[in-house]
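Heads up: the protein sequence lines correspond to chains A and B, in order. According to the working numbering, the first sequence is numbered sequentially starting from 1. According to the working numbering, the second sequence is numbered sequentially starting from 1.
Honestly, the hints are just simulated from the structure, not real lab data. Don't take each hint at face value.
Unchecked claim - If the Cβ cut is set under 7 Å, some of the chain A residues that face chain B in the computed set are:
1) 170
2) 185
3) 196
4) 198
5) 241
6) 245
7) 247
8) 248
9) 250
Quick reminder that beta carbons are idealized off the backbone N, C-alpha and C, glycines included.
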Amino acid sequence: MSMRIAIENLHFTYPSGVVALRNVTLAIEAGEQLAIIGQNGSGKTTLIKQLNGLLRPSQGTVRIGDWLTTEHSVAKMAARVGYVFQNPDDQLFKGTVRDEVRFGPGNLGFPAEKIELLVQQALTLLELTDKADVNPYDLTATWRKRVAMAAVLAMDTPIVIFDEPTTGQDYQSVQRLAQIFQTLHEQGKTVIAISHDIDFVAENFSRIVVMGQGQVLLDGPAQTVFAQAEVLNSTDVEPPQLTRLGQRLAIGPVVYTVENFLAALRKENDMQGER
Amino acid sequence: MAIIAIQNLTYHYPQTTQPALQDLSFQVEEGEFVAVIGANGAGKSTLCYALTGFAPHFFRGEMSGQVLVAGLDTRHTPLEELMLVAGLVFQNPGNQISGAKFTVYEEIAFGLENLGVPPAEMRPRIDRIMALTGITDFANRSPYALSGGQQQRVALASILVMEPKLLVLDEPTSQLDPIGSREVFETIRAMSKQGMTVIMAEHKLEWVATFADRVIALANGEIILNGPPAEVLTSPLLIEHHIGQTRYTTVAKQAQAEQLWPPERALPVVIDEAEAGFRAYKK
Ligand SMILES: Nc1ncnc2c1ncn2[C@@H]1O[C@H](COP(=O)(O)OP(=O)(O)OP(=O)(O)O)[C@@H](O)[C@H]1O
Ligand SMILES: Nc1ncnc2c1ncn2[C@@H]1O[C@H](COP(=O)(O)OP(=O)(O)OP(=O)(O)O)[C@@H](O)[C@H]1O
Ligand SMILES: [Mg+2]
Ligand SMILES: [Mg+2]
Numbered sequence: 001m002s003m004r005i006a007i008e009n010l011h012f013t014y015p016s017g018v019v020a021l022r023n024v025t026l027a028i029e030a031g032e033q034l035a036i037i038g039q040n041g042s043g044k045t046t047l048i049k050q051l052n053g054l055l056r057p058s059q060g061t062v063r064i065g066d067w068l069t070t071e072h073s074v075a076k077m078a079a080r081v082g083y084v085f086q087n088p089d090d091q092l093f094k095g096t097v098r099d100e101v102r103f104g105p106g107n108l109g110f111p112a113e114k115i116e117l118l119v120q121q122a123l124t125l126l127e128l129t130d131k132a133d134v135n136p137y138d139l140t141a142t143w144r145k146r147v148a149m150a151a152v153l154a155m156d157t158p159i160v161i162f163d164e165p166t167t168g169q170d171y172q173s174v175q176r177l178a179q180i181f182q183t184l185h186e187q188g189k190t191v192i193a194i195s196h197d198i199d200f201v202a203e204n205f206s207r208i209v210v211m212g213q214g215q216v217l218l219d220g221p222a223q224t225v226f227a228q229a230e231v232l233n234s235t236d237v238e239p240p241q242l243t244r245l246g247q248r249l250a251i252g253p254v255v256y257t258v259e260n261f262l263a264a265l266r267k268e269n270d271m272q273g274e275r
Numbered sequence: 001m002a003i004i005a006i007q008n009l010t011y012h013y014p015q016t017t018q019p020a021l022q023d024l025s026f027q028v029e030e031g032e033f034v035a036v037i038g039a040n041g042a043g044k045s046t047l048c049y050a051l052t053g054f055a056p057h058f059f060r061g062e063m064s065g066q067v068l069v070a071g072l073d074t075r076h077t078p079l080e081e082l083m084l085v086a087g088l089v090f091q092n093p094g095n096q097i098s099g100a101k102f103t104v105y106e107e108i109a110f111g112l113e114n115l116g117v118p119p120a121e122m123r124p125r126i127d128r129i130m131a132l133t134g135i136t137d138f139a140n141r142s143p144y145a146l147s148g149g150q151q152q153r154v155a156l157a158s159i160l161v162m163e164p165k166l167l168v169l170d171e172p173t174s175q176l177d178p179i180g181s182r183e184v185f186e187t188i189r190a191m192s193k194q195g196m197t198v199i200m201a202e203h204k205l206e207w208v209a210t211f212a213d214r215v216i217a218l219a220n221g222e223i224i225l226n227g228p229p230a231e232v233l234t235s236p237l238l239i240e241h242h243i244g245q246t247r248y249t250t251v252a253k254q255a256q257a258e259q260l261w262p263p264e265r266a267l268p269v270v271i272d273e274a275e276a277g278f279r280a281y282k283k
């Protein structure tokens, strides 16, 4: 079963009357690495809460593989889509880190041995092993965020979604996150992340979706998306640091990582040497 | 005159052996904008608490040394009194929202009511702050029926509106969109130019470099660097202590090794310097 995500003509209005999504159509193939960026309130969280059935379309459809989200319970959807909340406190409720991480795979009905293995792996990956017996609420918010990630990774779902995973994380933790995403990708999983850390997005995602006012404004690889400064500006996004610097120096095309910035700089330099 | 004077501050949370802050001493002048950087667990939030009296009054724990804020010794001044001079924007916006109010507007008015500001004066102040933080459109919504970034803006507005002498912000833009973050830094920079003293814990080094007067770097509860942004943010200690550096510093350093950045020139921390350095070396 391919875990293709197919969102078609999706509209969503909160019960209070706020229109959060307007006619979103998006297909995400199994194994893609996709980032979603855009203004506060542009509908990013609302969109991904549709993927595991936490929210249901007002109009339109969302399919995960052969399942329509309207036809399956949230508990059942959890076998296909793992979702790390924007705020870990919306997600955590167990008395110890280990119980928290064990809860998800336990619910999916895996055999006991598999559960223990998944829990161990997730704790190790997020460097939580020595905190396994601590109450998550005795940890700082930054650590709770990691617990929330471990709890979702332990469910071993084919699709994993992270809502602002880099928030509050230091440089080393952000690098570790990048490695985790890479590992998940190598395991064939679909990785989706929402982020305001544009440098991080540019360096780690092959496809970027830009949202504004409940709609998809842009969808493509970094070099095309970050070339659209005006559209980005309309949804309060600035291109990555190195894209902005590259544009000022007119080295090009569109650079967005340390490597491709330096490559463009070398090329520019060689051309000048020949003149 | 120094509005903050910290002498040999050491602080332990209850039932902990490792101090969260260890022998800190520094002063901050009125109107200064000081950024505090450091890896996770370095002590940024704890320093924010110590500056506003939440440590030790709220978190308890053991404190030694002295923290003077606007002449008040925080250890011997009740929290209610400290709150009149020092405002704290919490790292987690959920901790800020009182839960006692139905609308965003009322939430922001709450602090002013506590300060005893006359009603006639309240409306223009609230309207101005809501516009500055981009939440005017949500004035009548519940503070909970908002996106993460919108909630963080409300938390920020609820403190800014009180115009404290000392404004302490703990990662106030962590959930804001990129232009929103820049705007918050600009707003806070402008307020500090008008005399408000600002201490801000932050990971966003590009904006720290662009807007702060001074940067204090913490590691394991100790001050490892304290100086101008251009100096602190190019220190090799930042990599060692998992704080990182701006992409401008990273590329210039690598370019220097390949003779693509002037050998004598200081490494850049902001885009203007990066542009000037690379231009100076082109042709
Ligand atoms: N529980 C809710 N009730 C009513 N409206 C809501 C609720 N949550 C969000 N909204 C509104 O829906 C719209 C989309 O919000 P959403 O949380 O999807 O934005 P977002 O893109 O994730 O923003 P952020 O970057 O701030 O997290 C916004 O206008 C927001 O105010
Ligand atoms: N309420 C608390 N009780 C006990 N220890 C605490 C408490 N809050 C923080 N600590 C510990 O104090 C130290 C400093 O934590 P602090 O939260 O000040 O760091 P920080 O620099 O703000 O980190 P972050 O980037 O994660 O927000 C850490 O070792 C932390 O685990
Ligand atoms: Mg969101
Ligand atoms: Mg903190």
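Hints, one by one, checked against the model:
With its C-beta approaching chain B no nearer than about 4 Å, residue 170(A) sits inside the 7 Å limit, and its interface hint holds. A least Cβ separation of about 23 Å between residue 185(A) and chain B goes past the 7 Å threshold, and the interface hint is therefore violated. Because the smallest distance between the Cβ of residue 196(A) and any Cβ of chain B comes to about 5 Å, under 7 Å, the interface hint for this residue holds. Look at residue 198(A): its Cβ gets to within about 6 Å of chain B, closer than 7 Å, so that hint holds up.
For residue 241(A), the interface hint holds, the least distance from its beta-carbon to any beta-carbon of chain B being 4 Å, beneath 7 Å. Look at residue 245(A): its Cβ gets to within about 5 Å of chain B, closer than 7 Å, so that hint holds up. Interface hint at residue 247(A): violated, since its Cβ lies 10 Å from the closest Cβ of chain B, which is beyond the 7 Å cut-off. Against a cut-off of 7 Å between C-beta atoms, the interface hint on residue 248(A) holds, since the closest Cβ of chain B lies about 5 Å away.
Using the Cβ-Cβ criterion of 7 Å, the hint placing residue 250(A) at the interface with chain B is not satisfied: the shortest such distance is roughly 10 Å.
Taken one by one, the earlier hints fail for this structure at numbers 2, 7 and 9, listed in ascending order.
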